[in-house]
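Colleague: In case you want the letters, here they are:
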Amino acid sequence: MTATSLSKEDLGAARRALRRRKLTAFLLVAPLLVFLLFAFVAPIGSMLFRSVHNPNVADLIPDTMELMDDWDGVSLPDESLMNQFAVDLKRLANDRTSGRLAGEVNRILPGSSSVIQSTARRMRTVDDDELQQNGAALLFDAHANWQQVPIWQAIRQSGNPYTIAHYLTALDLERTPSGEIQARDGPRIYVSLYIQSLRIALFITVLTFLLGYPLAYFIANAPIRLSNILLIFVLLPFWTSLLVRTTSWIALLQTNGVVNTALMGIGLTSSPFSMLYTEFATIIAMTHILLPFMILPLYSVMKGIDPSYLRAAMSMGGKPIPAFLRIYFPMTLPGLSAGALLVFIVSVGYYITPALVGGADGQMISNLIAFHMQQSNNWPLAAALGSLLLFVILLLYWTYDRLVGTKNLSFG
Amino acid sequence: MRELPAYYGFWHYLGHYGLRVLVALVLAFLMLPILIIIPLSFNVEPYFSFTEGMLRLDPDAYSTRWYEQVFNDPRWILSIKNSFIVGIAAATLSTVLGTIAAVGLASPVMPFKRLITALLLSPMIVPVIIIAAGMFFFYTRFNLVGSHLGLILAHAALGIPFVIITVTATLTGFDRSLYHAAIGMGASPLKAFWDIVIPLIRPGVISGGLFAFVTSFDEVVVVLFLAGPAQRTIPRQMFSGLREQINPTILAVATMLILISIALLVTLELLRRRSERIRMGTSA
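Protein sequences appear in the order of chains W and B. Position 148 of the first sequence, counting from 1, maps to 148 under the working numbering, and the rest follow consecutively. Position 131 of the second sequence, counting from 1, maps to 1131 under the working numbering, and the rest follow consecutively.
Calculated directly from the structure, the hints in this document are not laboratory data. Given the structure is predicted, the values throughout are model-derived calculations rather than measurements. Honestly, I wouldn't trust all of these hints.
A short, non-exhaustive set of chain W residues, derived as facing chain B with CB atoms under 7 Å [as the list claims (entries may be wrong)]: (1) 25; (2) 269; (3) 390.
Each computed DSS-like pair below joins lysine-lysine, with the alpha-carbon atoms no more than 27 Å apart [said to hold, decoys possible]: (4) B/1113 to B/1191; (5) W/303 to W/319; (6) W/22 to B/1081; (7) B/1113 to W/22; (8) W/8 to W/22.
Some but not every residue of chain W turned toward chain B, in silico, with C-beta under 7 Å [to be verified]: (9) 215; (10) 261; (11) 263.
Glycine included, C-beta positions come from ideal geometry on N, C-alpha and C.
Given these sequences and hints, build the entire structure.
Modeller: Printed below as a string of C-alpha cells:
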C-alpha cells in the first residue's frame, strides 16, 4: 500500500529524519562556504563595488563637495564655494595630497592636473583667513581656467562617489558636460582590446582543436600500453609549471634563440625572424599551454566510443571522410564542446604568458587590468574592466553549464 | 604492425599514415619545448640558446654554475622557502575544508546542490587577474596584503575546485552503505567518517591535496598583487627574472621544477591506480 497506510507518527519521523540528513549534508559544506565567502566571494564583490564607487575626491575635499550640492552646475559657482575650495586646496598642498586630486580630476578633464597642481602650490603660502575672504580672487589670479565652468564641473563629477563613468570609459564612451552619453574621440582602445582578446582566444581554441583532435583520437584507439605512454606526453606538460613553459618559449623564440639558430643553421634564412614579443608568440605559447585542456576531455569521450561503428560504416563501403564526419565526429561533440569552452574561457582571461612574450601587439584585456592596477593606479577603471571581463566569462560559463554540465570537468 | 584491412583504398592509406605523422608532430610540439630547457640549463655561457660547443658535446661547454648560483642567491632561497610554506599551508587548508564539503555535497539530499557546486568550482573559472585585483581591494582592509596569511588564504581558495573535483570523483565510486552500516552498528557519525570513509577515499584526498599544492606552487598573479618582498615565491622570482634580467639561473630553476612535476605525475598515477583497485574491491 502507499503512504496512507503509514501512521501520522511514522510520516513525521520520516520527514524529521530527512530534514536531519539535509542539515548534516549542509553543515558539512558550511565551513567551506564561510571560508570561500571571505576569501573569494567578498573580494570579487569588493571589486564590483569598486567599479562604481570611488570615494577618493569626496574624501579629499568633503567641505567643498558639500557646497557643490547647492550649485546649479551650469553657471560659475558662487564665491563661498570657491573660497572653501581654496582653503581645501591649501590643506591638500600641505598634506602633499593635491596630486591625488589633480590625478582624479584630470581623468575627467585632461589638462586639469597642471592647473590644480600649480594653483595648490600658490595657495600654500597664503594664510587661512585671507583664503576664507578672497579665495575666489586668488584662484582666478593663479589660473584663468578657474573663471570657466568646465573645471568646476569636472571636480563635481569626480567628487561623486557613485559613478558609472568607469564603465563608460571601459566601453570607450563618455558623458558630455550636459549629461549625454556619446562615443569618445580617438581610437577605441578598450573595446578593440576586448575584441582582440576574444579573437586570440578563438584562434587558440581552433588551434588546440586542430592539434588536439587527431592526437586524442590516436591515443584513444591505440593499444593500452602505447596509449598509457602517450598520455604521459600530454600530462607532463599539463603538470609542468606555467612559468617553465613560458620560459621555454622565450628560449625558443628569441632573436638568437633556438628556433632562429636552427633555421639559420640549415640555411632556411640568413637573418633571424623577430618572433618573440609579438601576437604570434602569445598565440603559439598559449596554444602549447592549453593544448592538454582540449586533449583530456576529448580523450575521455573518445575512449568510450566503440571503434566498430566506424569500421562497420567503412566496411559497408562508406568513404573514410564522410563516414568519419557523419558517424564518429558527432559522437565526440560532448568532449569537444567541453574542451573548446574550457580553452576559450581560460584563454580570454590569460595574463602571465601575454605579459611575458606578447610585446605590444600580443596583449590581452588582463594585461590592461594589471596596468591600471599597478602602474597608472586607476583602480576604479581596472575594476570596471575586470567586471566586464567577469561578465563575459560568466556568460560563457553559464552556456557551458547549460550545454555540457560541469560534471564533465576532470583531470586525466 | 597490424595488417591493414583489405577494403582500404587510397584515402584510407592517406588517413592511416597521415594521422601517424600528424600525431608525431603534435607530440613533438608538446614535449620539445619542455625538454629543451634541460640541456640549456647546463650552458656555460649566459645565453638561452645552444652554443657550438654544446652541439659538439664538448664537456667544457657545459657547467653547473647556474645551479650553484641559485643555491647561493638569498633571494632564490627565500622564494623556495616561501613557495613551500605557502603551498603546504594552502593545500592543507583547502584539502581539509574541501574534503568535508565534498562528502556533504555527495549526499543525495544535499539542498541547492547545483548552485553550491557552481560556486565551489568558480575559482577555477574566474580569471586570476580578477580574483587578484578583488583580493587586493578586500584583503587590504584586514592588513592581509603583504603577509603570508593573506597569500595562504588566497591560494587555498584557488585550490578548492581541484579538491572538490578529485574527491567527488572518488566518492562516486564509494559505497555509502558501508558508512550506514557503521552507524547502524553504533559508531558515531564522526567515528564512522574517520574510520570508514576517510581510509577508502584517501587516494582521492591525497591527489586533491597535490592538485591544491601545485595550484599554489605555480601561482604568480595573486602573488604579484598580494605579496611584499618578504613573500616572494619561486614563480614570482621567475616572473621578475624573465621581465628584467634574463639569465640561465631561471633555466636551472625550471629544470628542477620539471623534475618536481615528473615526481608528482608518477605519484598521481600510482594514486589513481590504487583508487581504481579500491573501487574494484580488490584492494588488500
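Colleague: Each hint should be assessed against the structure and marked as holding or not.
Modeller: Hints, one by one, checked against the model:
1. 25: holds (4 Å)
2. 269: violated (15 Å)
3. 390: Hint on residue 390 of chain W: holds, closest Cβ of chain B at ~5 Å, below 7 Å.
4. B/1113 to B/1191: Holds, because 25 Å separates the two Cα atoms, which is no more than 27 Å.
5. W/303 to W/319: With a Cα-Cα distance of about 23 Å, the restraint between residue 303 of chain W and residue 319 of chain W holds, given a limit of 27 Å.
6. W/22 to B/1081: violated (43 Å)
7. B/1113 to W/22: holds (11 Å)
8. W/8 to W/22: It holds: about 21 Å lies between the C-alpha atoms, which stays within 27 Å.
9. 215: At 5 Å from the nearest chain B Cβ, residue 215 of chain W passes the 7 Å test, so the hint holds.
10. 261: The hint holds - residue 261 of chain W has a Cβ within 7 Å of chain B, the shortest such distance being about 5 Å.
11. 263: Hint violated; residue 263 of chain W Cβ to chain B Cβ min 12 Å, cut 7 Å.
Violated hints, listed in ascending order, are 2, 6 and 11; each of the other numbered hints is respected by the structure.
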